[in-house]
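2 protein chains.
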Amino acid sequence: MNEKYQKIIDAAIKVFAKKGFFHAKVADVAKQADVADGTIYLYFKNKDDLLISIFENSMDNFLSQAKKTIDTKESIKDKLKAFLTLHLTLLEKNQKLATVLQLELRSSHKFMTEYKAEKFFQYLRLIEELIIEGQQQGLFKPNLNPHIVTRAIFGAVDELALEWVLMKKKSFVLEEAAEQLFQMLFEGIRL
Amino acid sequence: MNEKYQKIIDAAIKVFAKKGFFHAKVADVAKQADVADGTIYLYFKNKDDLLISIFENSMDNFLSQAKKTIDTKESIKDKLKAFLTLHLTLLEKNQKLATVLQLELRSSHKFMTEYKAEKFFQYLRLIEELIIEGQQQGLFKPNLNPHIVTRAIFGAVDELALEWVLMKKKSFVLEEAAEQLFQMLFEGIRL
Chain A
10 MNEKYQKIID AAIKVFAKKG FFHAKVADVA KQADVADGTI YLYFKNKDDL
60 LISIFENSMD NFLSQAKKTI DTKESIKDKL KAFLTLHLTL LEKNQKLATV
110 LQLELRSSHK FMTEYKAEKF FQYLRLIEEL IIEGQQQGLF KPNLNPHIVT
160 RAIFGAVDEL ALEWVLMKKK SFVLEEAAEQ LFQMLFEGIR L
Chain B
10 MNEKYQKIID AAIKVFAKKG FFHAKVADVA KQADVADGTI YLYFKNKDDL
60 LISIFENSMD NFLSQAKKTI DTKESIKDKL KAFLTLHLTL LEKNQKLATV
110 LQLELRSSHK FMTEYKAEKF FQYLRLIEEL IIEGQQQGLF KPNLNPHIVT
160 RAIFGAVDEL ALEWVLMKKK SFVLEEAAEQ LFQMLFEGIR L
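Protein chains in written order, with my numbering: chain A, 10 to 200; chain B, 10 to 200.
Honestly, the hints are just simulated from the structure, not real lab data. This list has only true hints and no planted wrong ones.
Copies of the same chain look alike in the list, so a pair counts if it fits in one copy or across any two.
Here are the computed lysine to any residue pairs in the SDA-like style, where the Cα-Cα straight-line distance is at most 20 Å:
hint, residue 1, residue 2
1, K150, R199
2, K56, N66
3, K86, R199
4, K105, E123
5, K177, F130
6, K27, T122
7, K77, T94
8, K28, T122
9, K56, Q41
10, K28, S116
11, K150, F181
12, K179, P155
13, K23, M68
14, K54, E123
15, K54, S117
Computed from a predicted structure; not experimentally measured.
Whenever a hint applies, use it, and build me the whole structure from the sequences.
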């Protein structure tokens, strides 16, 4: 990942968040990144590839931070809490990226149906492993299906993030949502 | 709502689920409904209006069934469980409708950002009223923000529905998911 690649990704996040993915043009991204149009095509196949790359890039960042954070915590409880808090606070700190991930990416039919989002499954596996470990430690209800629990947790986090992105006047901060969400989900799954 | 209106709605659900909203044409819907193209425009402004009408129509059906179901149950616990189960089992029974609601509707940038989905807010209010009532009865944790709880519940239900729609081989039935989800969410919010 060199500097120019990152510069283009950052420019694309700004442009897609502002204009919407559908209306944005590769030329807009080039202008924002202050590079020639042709330079974009040295790194990315097309506009769709730029969108997918934003997703992969941000997931790489998130996953490496999440793994580090999880490793610094002792208990499953603290690991799970740190994970949820990290997810929501990162979005809060990067509102333009949040808009692209929560709204523009989801509007892409191609992304939702054709693209195999391996990094999304890595995200889910991080949660699922914590759930399974918690069950093995006798901490979580053994009858709960870890897969369903994982999806429910992701769905809850993701919906709050989406609502927050769509809200013109922010009626809650995501850090508060993370705290409430964690309390509710943890109490729900613990034995 | 007359018979022809309903016939066109049903045809649009089939066509949008099969071809995808973006690629489907109003003429395809007319053919499927066995009416002239012009007839569609007597009832609907355009293709977007058809999609929105599918949403409103299915929400009307769901909301009236949900209210009836909630009224037949005594306790908040049973009301909440019946609500979640109804949501997921209705989608399971109407797989084409589920595809349109979970996938095609969400791909519509217009729907997500411009359309004021009043009926969706009615859906959320049904849950939120149960949460508030449960808190007033001393059944649910008083410190949880009913708004955040409501969104978290919707997000969890919705994510499981989306995953189920996207799954080629269904690895779980939605009724099982509803059972697990209810157990986890109820235990999470109760005092």
